[in-house]
Amino acid sequence: MAELHILGQLAGGGGFELPSLLCKWVLEAGPNFRLLEGITAGQTHCDTPNEGEPAVWSHPMDIHYAVRGIDGWPRMRLEVYGVDIYGRTELAGYGQCTIPTVVGSHDLTVCTWRPCGSLREQMSAFFLGGVPRLKHTEIVSSAADRFRLQTQPSGEVYLKVSILCKDFARYGVHC
Amino acid sequence: MAEGGSAMEPSHFVVMVTGQLESGRYEGLDSLYCRYAFAFGDDWKVVSGVEEGISQLSTASGSGGEQGLLAIWNFPVDVTFRATSAHGWPQMVVSVYGSDSFGRSDVIFGYGATHLPIAPGRHELYIRTFRPLASSLWLRFRSWMSGMRPEFIDSLFPSKSEGRDVTRVQSFGVVKLQLDVTIQGMEALGYQMPPVQRTPLQLHDPFLACN
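Protein chains in written order, with this note's numbering: chain A, 1 to 175; chain B, 1001 to 1211.
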């Protein structure tokens, strides 16, 4: 069976408004991808960078899949949270990215977004904090049900991903 | 020697990493030294070279040009790994220590980690470092007073992904690495080799720049 290695790190995030940032991540793959080793979900540490610098997470990933078919290629879902000056944890942004299918090292930038909410929710978030979040975060990585969701842009998440494929050529897969 | 191993039954590949721990940029700090170690999985073994090292203490004086003040270590790295699987690909863990503005020595300034490049060739890597913060404001004040900053008990903690959700850190500073990676026998195991990383074209003559 062919094997796929995903190595790399969740390097950091920048462009968010909140001073301290952390990120929750999940790697989702279809049924053709069977996890052999590694951790496919996690949460980074909370970093408070100096003013004007991006947050550094440097969260390592090392995931090993056995691959039966090429569809259902892994996809990463990201949720960025920030801690404001009062110590409250707030949503900073949602994002998703597909893991590259090309062998080699890649620097990825994921642009994130967050829901706006109604005018009333925006007012209350402005005065009291607590921006609206999604009830079902699955829609972050699915193409369904996004219609009529009003969002606003947020910061960027930086990923360093290296892809290694084993025995793909034996099954005639080009990647 | 290598041919003999692969002619029978290829079971492992060899990764050789040479290069240097070049410099660190920590604005406002004067004397710095850097420790490095490798963290790798169970399928990996060091066959030659040193697994860890401590550089000299370098002052950061005006040599960096527009990049700010750099502490130059120029510390050699030369290690060869043998592996049966790519899982657990080695990571280099660096920790930077030095003296703070009160003259206290061996204060931690930053931890960092990165995977070694998977592509053969010459690589320039930058590791942004971070240091853990004390959990409460009072402990933070006390550590500031005493100069005893919190450190990770496990020095390889930056290379692990578990247990991070309870850590609070502050990021500061960059370490620059320059590494050459050579890989032998990976293709014979069925791995598809990533393209070789070439040295970026140098557009200026370094001897002209530093008249």
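The hints are simulated quantities; they were obtained by calculation from the structure and are not laboratory data. Please read these numbers as outputs of a predicted model, since none were measured by experiment. Careful: at least some of the hints might be erroneous.
No farther apart than 20 Å at their CA atoms in a straight line, the calculated lysine to any residue pairs in the SDA-like style are these [unchecked claim]:
(1) A:Lys24 - B:Val1181
(2) B:Lys1160 - A:Leu27
(3) B:Lys1160 - A:Gln43
(4) B:Lys1176 - A:Gln43
(5) B:Lys1176 - A:Tyr158
(6) B:Lys1160 - A:Glu53
(7) B:Lys1160 - A:Leu36
(8) B:Lys1160 - A:Val161
(9) A:Lys24 - B:Lys1176
(10) A:Lys160 - B:Glu1187
(11) A:Lys160 - B:Val1181
(12) A:Lys160 - B:Gly1053
Can you confirm whether the C-alpha distance between A:Lys160 and B:Gly1053 stays at or below 20 Å? The given pair, whose Cα atoms are some 26 Å apart, is violated under the 20 Å limit.
Regarding the pair B:Lys1160 and A:Val161, is the alpha-carbon distance no greater than 20 Å? Distance of about 16 Å is within 20 Å: holds.
Restraint status (C-alpha distance of B:Lys1176 to A:Gln43 at most 20 Å): The given pair, whose Cα atoms are some 26 Å apart, is violated under the 20 Å limit.
CA of B:Lys1160 to CA of A:Gln43, is that 20 Å or under? Measuring from Cα to Cα gives roughly 12 Å; hence the hint holds.
Holds or violated: are the alpha carbons of B:Lys1160 and A:Glu53 at most 20 Å from each other? This hinted pair is violated, its Cα atoms lying about 24 Å apart.
Given hint B:Lys1176 paired with A:Lys24 - CA-CA distance at most 20 Å: 28 Å, violated
Below or equal to 20 Å on CA atoms is what counts here, so check A:Lys24 against B:Val1181. Cα-Cα ~32 Å, so violated.
Does the structure keep B:Lys1160 and A:Leu36 at a Cα separation of 20 Å or less? 18 Å, holds
What's the verdict on B:Lys1160 and A:Leu27, does the C-alpha distance respect the 20 Å limit or exceed it? Within the cut-off at roughly 17 Å; holds.
Just to be careful, I want the Cα atoms of B:Lys1176 and A:Tyr158 compared with a cutoff of 20 Å; is the pair within it? 18 Å, holds
Pair hint A:Lys160 and B:Glu1187, alpha-carbon separation not exceeding 20 Å: 23 Å, violated
Given hint B:Val1181 paired with A:Lys160 - CA-CA distance at most 20 Å: 18 Å, holds
Violation of the numbered hints given earlier is confined to hints 1, 4, 6, 9, 10 and 12; the remaining hints are satisfied by the structure.
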